[in-house]
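Let the sequences and hints guide you as you build the complete structure.
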Amino acid sequence: MKTCGTQIEGFRKGVSVVVPVYNSEGMIRTLVERARAALDSIGREYELILVNDGSADGSWKKIREAAAEHGWITGINLMRNYGQHNALLCGVRKAQYSVTVTMDDDLQHPPEEIRKLIDKLDEGFDVVYGVPEEEKHGFWRGVASRFTKITMRRVMGVKSAEDISAFRAFRTNTRAAFADYNAPFVVIDVLLTWGTTRFASMTVRRDCRSFGRSNYTFRKLIYHALVMITSFSVAPLQLASVAGFAFTAFGVFLLAYVLAVYFINKGSIPGFPFLASIISIFSGVQLFVLGIIGEYLARVHTHSMKRPPFAVKEISGRAGREEDGD
-18 MKTCGTQIEG
-8 FRKGVSVVVP
2 VYNSEGMIRT
12 LVERARAALD
22 SIGREYELIL
32 VNDGSADGSW
42 KKIREAAAEH
52 GWITGINLMR
62 NYGQHNALLC
72 GVRKAQYSVT
82 VTMDDDLQHP
92 PEEIRKLIDK
102 LDEGFDVVYG
112 VPEEEKHGFW
122 RGVASRFTKI
132 TMRRVMGVKS
142 AEDISAFRAF
152 RTNTRAAFAD
162 YNAPFVVIDV
172 LLTWGTTRFA
182 SMTVRRDCRS
192 FGRSNYTFRK
202 LIYHALVMIT
212 SFSVAPLQLA
222 SVAGFAFTAF
232 GVFLLAYVLA
242 VYFINKGSIP
252 GFPFLASIIS
262 IFSGVQLFVL
272 GIIGEYLARV
282 HTHSMKRPPF
292 AVKEISGRAG
302 REEDGD
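Residues -18 to 307 in my numbering are what the sequence shown spells out, letter by letter.
Don't read these hints as lab results, they were simulated from the structure.
One thing to keep in mind: the hints can contain errors.
To be verified - In silico lysine-lysine, DSS-like type, Cα no more than 27 angstroms apart, as pairs:
1) Lys101 x Lys(-6)
2) Lys101 x Lys42
3) Lys294 x Lys97
4) Lys75 x Lys101
5) Lys42 x Lys294
6) Lys42 x Lys75
7) Lys75 x Lys97
8) Lys(-6) x Lys97
As the list claims (entries may be wrong) - Computed spacing ranges between beta-carbons, pair by pair:
9) Ala237 x Pro113: 49 to 57 angstroms
10) Ala37 x Asp103: 20 to 28 angstroms
11) Leu220 x Ala157: 18 to 26 angstroms
Just so you know, even glycine gets a beta-carbon here, dropped at the ideal spot from N, CA and C.
Right, here's the structure in full:
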């Protein structure tokens, strides 16, 4: 491992790579080998933090073995499956070096591309995303992914938000902006906007998955987008207000029309189906608005329970030894 003792903004100059692991026991050894070769070539101190997010296979066993064999690896075993972003938050808070890199455990994000992200970061940015030239998804997965990115852009308020990916590099000191965040709903990209607006993206290679399959289905992506927008944005409430105002104005206009016809024609307007349709529309809007308010009340209720974003069961390797030393 290359070393240098330089201090940068409270952190030693180096790279902390955080990888959430879920049912990927067959990839751990290859991930470690390729990460080591890639990080050696950068010429900075480094560490690899593997966060086991409640895997049902032997992933934690493989992580413990890797942490015992390599002093630059830290293994963190969460008590159950909390989700990718929650596991990332746990790893990010353990990072010790000036730059933090996050990537998936399936090696679709090649460790060899980390250098590109760090070089772009050195141009003066705080967050850099590694974006593949072409996303290869099925139709519905592509629709859900696009919807999630549009939602992310709206919530983050950053022009480059549509270029987000799980392969990202950022300055570790950015985490100070969300150091006190302690809620179960976690979106790392939104939390990063609390500390900076200097975002950039970089085209990187994307490899084919060689083990397992993606855990992000159409349903999970849509759910992730809804959680994101109701937990970190008031846009749905604003939409509900606009919808309520628009239909109220429509109702007033309709009432004026009915009264005008009544006085001009000396009689009411025939057409019960038309009136029934209007009533249905108004009822639907009311239920829609109540549903949005209900989503926010559910988030408030969950926050009030003070559920933590994650809970650590065991730490193996470098960080574990340092805590024992304390």
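Open item on the list: Given a hint of 49 to 57 angstroms, does the C-beta separation of Ala237 and Pro113 actually sit inside it?
Closed with: This hint holds: roughly 56 angstroms between Cβ atoms.
Task: Lys101 paired with Lys42 [C-alpha distance capped at 27 angstroms] - done: This hinted pair is violated, its Cα atoms lying about 35 angstroms apart.
Task: Whether the CB-CB distance between Ala37 and Asp103 falls inside 20 to 28 angstroms - done: Distance hint for Ala37, Asp103 is violated at roughly 40 angstroms.
- [ ] Starting from Lys42, check that the Cα of Lys75 is at most 27 angstroms away, please.
- [x] Status holds; Cα separation ~20 angstroms.
Task: Straight-line alpha-carbon gap Lys294 to Lys97, limit 27 angstroms - done: violated (34 angstroms)
Task: Outcome of range test on Cβ distance (Leu220, Ala157; 18 to 26 angstroms) - done: violated (33 angstroms)
Open item on the list: Holds or violated: Lys75 and Lys101, Cα atoms, limit 27 angstroms.
Closed with: holds (24 angstroms)
- [ ] Assess, step by step, whether the Cα of Lys101 is no farther than 27 angstroms from the Cα of Lys(-6), and give holds or violated.
- [x] holds (16 angstroms)
Open item on the list: Between the alpha carbons of Lys75 and Lys97, is the straight-line distance 27 angstroms or under?
Closed with: Satisfied, since the Cα-Cα distance of roughly 23 angstroms is no more than 27 angstroms.
- [ ] Would you mind confirming whether the straight-line C-alpha gap from Lys42 to Lys294 stays at or under 27 angstroms?
- [x] Given that 27 angstroms is the threshold and the Cα spacing comes to 14 angstroms, the pair holds.
- [ ] Would you check the hint for Lys(-6) and Lys97, treating anything up to 27 angstroms between C-alpha atoms as holding?
- [x] holds (17 angstroms)
In terms of the numbered hints stated before, the structure departs from hints 2, 3, 10, 11, listed from lowest to highest.
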